[in-house]
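Protein chains in written order, with this note's numbering: chain F, 316 to 1089; chain E, 14 to 223.
One should not assume that every hint holds.
Claimed, not checked - Here are a few chain F residues that sit away from chain E, every Cβ distance over 10 Å (derived from the structure):
#1 N331
#2 Y349
#3 Q378
#4 R422
#5 S454
#6 K581
#7 S617
#8 Y671
#9 P672
#10 V908
#11 T939
#12 S968
Stated by the list, open to error - To list a few chain F residues with every Cβ distance to chain E over 10 Å, as calculated:
#13 L341
#14 G354
#15 Q374
#16 E545
#17 E550
#18 T911
Unchecked claim - In silico BS3-like cross-links for lysine-lysine, where the CA-CA straight-line distance does not exceed 30 Å:
#19 E:K157 to F:K594
#20 F:K543 to F:K464
#21 F:K643 to F:K581
#22 F:K594 to F:K581
#23 F:K643 to F:K674
#24 F:K643 to F:K713
#25 F:K581 to E:K85
#26 E:K157 to F:K320
#27 F:K670 to F:K713
#28 F:K631 to F:K581
#29 F:K412 to F:K447
#30 F:K674 to F:K581
#31 F:K713 to F:K631
#32 F:K447 to F:K464
#33 F:K441 to F:K543
#34 E:K85 to F:K464
#35 F:K581 to E:K92
#36 E:K97 to E:K85
#37 F:K713 to F:K674
#38 F:K441 to E:K116
#39 E:K85 to E:K153
#40 E:K153 to F:K742
In case anyone wonders, no lab produced these hints; they're calculated from the structure.
Backbone N, C-alpha and C fix where the C-beta goes; we use that ideal spot for every residue, glycine too.
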Amino acid sequence: RHLEKSAVLQEARIFNETPINPRRCLHILTKILYLLNQGEHFGTTEATEAFFAMTRLFQSNDQTLRRMCYLTIKEMATISEDVIIVTSSLTKDMTGKEDVYRGPAIRALCRITDGTMLQAIERYMKQAIVDKVSGVSSSALVSSLHMMKISHDVVKRWVNEAQEAASSDNIMVQVLPLSHTGCFSVCLCFELCILHLFFLLSNDALCIFITSHESPLFDFIESCLRNKHEMVIYEAASAIIHLPNCTARELAPAVSVLQLFCSSPKPALRYAAVRTLNKVAMKHPSAVTACNLDLENLITDSNRSIATLAITTLLKTGSESSVDRLMKQISSFVSEISDEFKVVVVQAISALCQKYPRKHSVMMTFLSNMLRDDGGFEYKRAIVDCIISIVEENPEGKEAGLAHLCEFIEDCEHTVLATKILHLLGKEGPRTPVPSKYIRFIFNRVVLENEAVRAGYWKFLGYRDMPLLCPLDRCMMDTDDEVRDRATFYLNVLQQRQMALNATYIFNGLTVSVPGMEKALHQYTLEPSEKPFDMKSIPLAMAPVFEQKAEIMFVATKPEKFAPSRQDIFQEQLAAIPEFMDLGPLFKSSEPVQLTEAETEYFVRCVKHVFTNHIVFQFDCTNTLNDQLLEKVTVQMEPSESHEVLCCLPAPSLAYNQPGICYTLVRLPDDDSTAGTNPQEGGERSKNASQLELLTVGANLWFFSKMKYGPVASAIILGNCMVSFFFFPNSHLSFFQNSSPYCTSKVSVFLRDAITLQLKGKILAPPISPGPLG
Amino acid sequence: MQRPEAWPRPHPGEGAAAAQAGGPAPPARVGEPAGLRLQEPSLYIIKAVFILDNDGHRLLAKYYDDTFPSLKEQMAFEKNVFNKTSRTDSEIAFLGGMTIVCKSSTDLFLYVVGSSHENELMLVSVLTCLFESLNHVLRKNVEKRWLLENMDGAFLVLDEIVDGGVILESDPQQVIQKVNFRADDSSLTEQSVAQVLQSAKEQIKWSLLK
């Protein structure tokens, strides 16, 4: 139906009439909300007018109308002015007798409340949280969750009420308050909430306190695999799978449950199961092989997402003998899926190629067929990359691969791919028995293709021992400036027939970073000076910058050796760690920076290792308490927006006075051209890095201590201001929450106190009694 | 403008960029390949809920975070989702790093969107709750016509199920009770043949008794 905004707003005038006609007003209000929902723009004045008109409707006692008023308030909260005039009406409703109004009124009220007003309604909120009516309580809790973003300090004070609500009988209400620790989700029942809690905690690498499958916690999770709610079963399976250091045996019950889900009539279950099995296959492919048959059935699933996930999982777990069969199944299926899934499948095939190099011929046939079919750029690129990796790594597959690629570039519309393949031909062609057969393809490309391809042609030449000077002559007469310039330059270099020159000017192209050069040149042009432009002032590029400018290709030199041998040692150490193997060459390591004061119970020092796109923070930690053994220690960082923490590697154990190392890997933003700044600026960087630590008031520090006697305990800090203690006396779960703002040093004080208390045998008593376990 | 809800979201930002189907981002731990992010535990499971008609036009939509901040992006997303799911009638799909569950009914399509690392079954429970509540509130089938006639009921139902991205209620009975909505009484022309016969019978009965 077509509504006209101005007409509707005109109609809204009847809100001012008395007596109020509920049905008509409701109708109009609905229309307003519908318009808003459709994205219709309301100017501030008209929104405010409509809002004010709506407030008169509070005089009516019609339930639906009142509820719609609440909705309108919420919708218009951001577009109308002076919305807080309804505060008193809402407050009245939320404390009034009509239960049906109270929940919605609270939620509406919290939507319009800002930080200053929050204190005024604080006591109402607290009362509402502990209200016996579940709708009221849950509304209040959800609203206070939202309010935490606005005024954390105030809402923090309501934790006690939240805990009280947690012990109420109503299940729904029970689960919400733990959200104040920021740690889990709404669910149907207690088991699920605990599971999700641990699911999320485990995701934060906090499963350190589930040390083995004998822990009572693990038993609990496993028992949930037999729960009557599918959601709980699935959550339990997920939790088990995400436990780090899980053995195949421990995974087995979870995997068998997922296997059952694979044949469920409900698509969501099948999807969830396949997706989770896919994750398992990444780390424990052998654990998933039992499901191969079920997965193969899913290839023909009507839901393409499920089918694709099934295929990629099979590709991870498939055995060599099943490769042929898998390829056949995939080829019939691939034409029906979208590009984004196709890329995923190709990448999985690539992994399989590396795993079973003997199967290259089967895969190559398949890949070349895919290359001939329709598809977008990303898809074709993925296939080309896959073929290239076979060519580079598998000598038997080289000729076939190159032949397929040659065929491809005859009819390829993507310049980037054509130049990449030409580059490859240049590199690999000379190593084949009959390199000259590739010359025909190169020559054709030079003659027929666009400038970018022609410019890339020179790469082929440089790699050959005896340069083919004839086609270069043609290039000298090319219509494009760049092609001509390059040809002339290289022709001159090649005619010298000196390997050294070839090496400097042809093999090793521009060694500086392209964006860096661009910036430096720009700078130079802005400030004319008498000095010539100095290439040395440009930061180095340490990795091939192929993707920066698709039209021009450069090849990186090997990283220069730095004089201090300390760097070499670090490079070696870091390269030995699997997680850091793919970071590229180490550019610079900083001097160590002390992060803790001298008298704390652990001593931490930080060294920063700068790579092209990443920084590895190395924390040298020493335990200074002689009756404590620290295990699985990590230092967690909360970086600024453009930086991203990728992973943390804990120090397995710190005995007294024996230093250990833990690492954190951070990814730098993509266009950070300071990645290769020269060494003088290293000092500044280390200053910044230590500021990185102090700035983050939310620096999380995990600490696990295994007591020789007494309960196993661990302190976990989540979010900004919460400290949670978990300990297991007699297989009960007790939650203790203590909110206190802190920075790193304060935390250590707190922990020190906690450890002292535990050592003395006193356990910090939780304010609530332990809840029932399932 | 249909904006997302007023508060800033602490939601782990999945973004609209395409992500791998095989690897929805589990957070990083030892042994995980680099490129996976740490995940902030969050209660904000639902990203969006919307109802489209047979042509993919929006009838009702609520976005709970700023994955799609502008109306244009929202509509593009809805169109994308519609194209992907309407023809094949799939109940669950993966698009741009998000999991979408779908339910179709006569001439409507209902969707619930969450990020790809959420429990899909929770999304389905929200969807089911929405559908069943609407079914009850509309009294007749969940059809475009009845939905438009009783848009206010639909708004209220959704409001009771999801608040700001947090699941408030997933039991349809509870939702129905709280909404306590009476759909428009149908006019004579809408009554089914059976009902007309019934009322005719009543009339005759009374006239006979007189």
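According to the definition I'm using, a residue is off the interface if its beta carbon is farther than 10 Å from all beta carbons of the partner; does Y671 (chain F) meet that for chain E?
Non-interface label stands for Y671 (chain F): nearest chain E Cβ at 19 Å, farther than 10 Å.
Are the Cα positions of K674 (chain F) and K581 (chain F) separated by 30 Å at most?
violated, 36 Å
Verify that the Cβ of K581 (chain F) lies farther than 10 Å from every Cβ atom of chain E, and report whether the claim holds or is violated.
violated, 8 Å
Given pair status - K85 (chain E), K581 (chain F), alpha carbons within 30 Å:
violated, 33 Å
P672 (chain F) remote from chain E - nearest C-beta pair above 10 Å
Given that every Cβ of chain E is farther than 10 Å from that of P672 (chain F), nearest at about 22 Å, it holds.
Pairwise hint evaluation, K674 (chain F) against K713 (chain F), where the allowed Cα distance is 30 Å at most:
Distance of about 13 Å is within 30 Å: holds.
Straight-line Cα separation of K643 (chain F) and K674 (chain F) no greater than 30 Å?
Roughly 14 Å between the alpha carbons, so the hint for K643 (chain F) and K674 (chain F) holds.
Hint check: K441 (chain F) vs K543 (chain F), CA-CA at most 30 Å. Holds or violated?
violated, 35 Å
Verify the proposed pairing of K643 (chain F) with K581 (chain F), using a straight-line Cα cut of 30 Å.
holds, 27 Å
Should the label of E545 (chain F) as a non-interface residue stand, given a Cβ cut-off of 10 Å to chain E?
E545 (chain F) not clear of chain E: closest Cβ-Cβ about 6 Å, inside 10 Å.
Given the hinted pair K643 (chain F) and K713 (chain F), is their alpha-carbon gap at most 30 Å?
Holds - the C-alpha atoms of K713 (chain F) and K643 (chain F) are around 23 Å apart, at most 30 Å.
Holds or violated: K713 (chain F) to K631 (chain F), with C-alpha atoms at most 30 Å apart
Holds, at about 24 Å.
The structure fails to meet hints 2, 3, 4, 5, 6, 7, 13, 14, 16, 17, 19, 20, 25, 30, 33, 38, 39, 40 from the earlier list, while all remaining hints are met.
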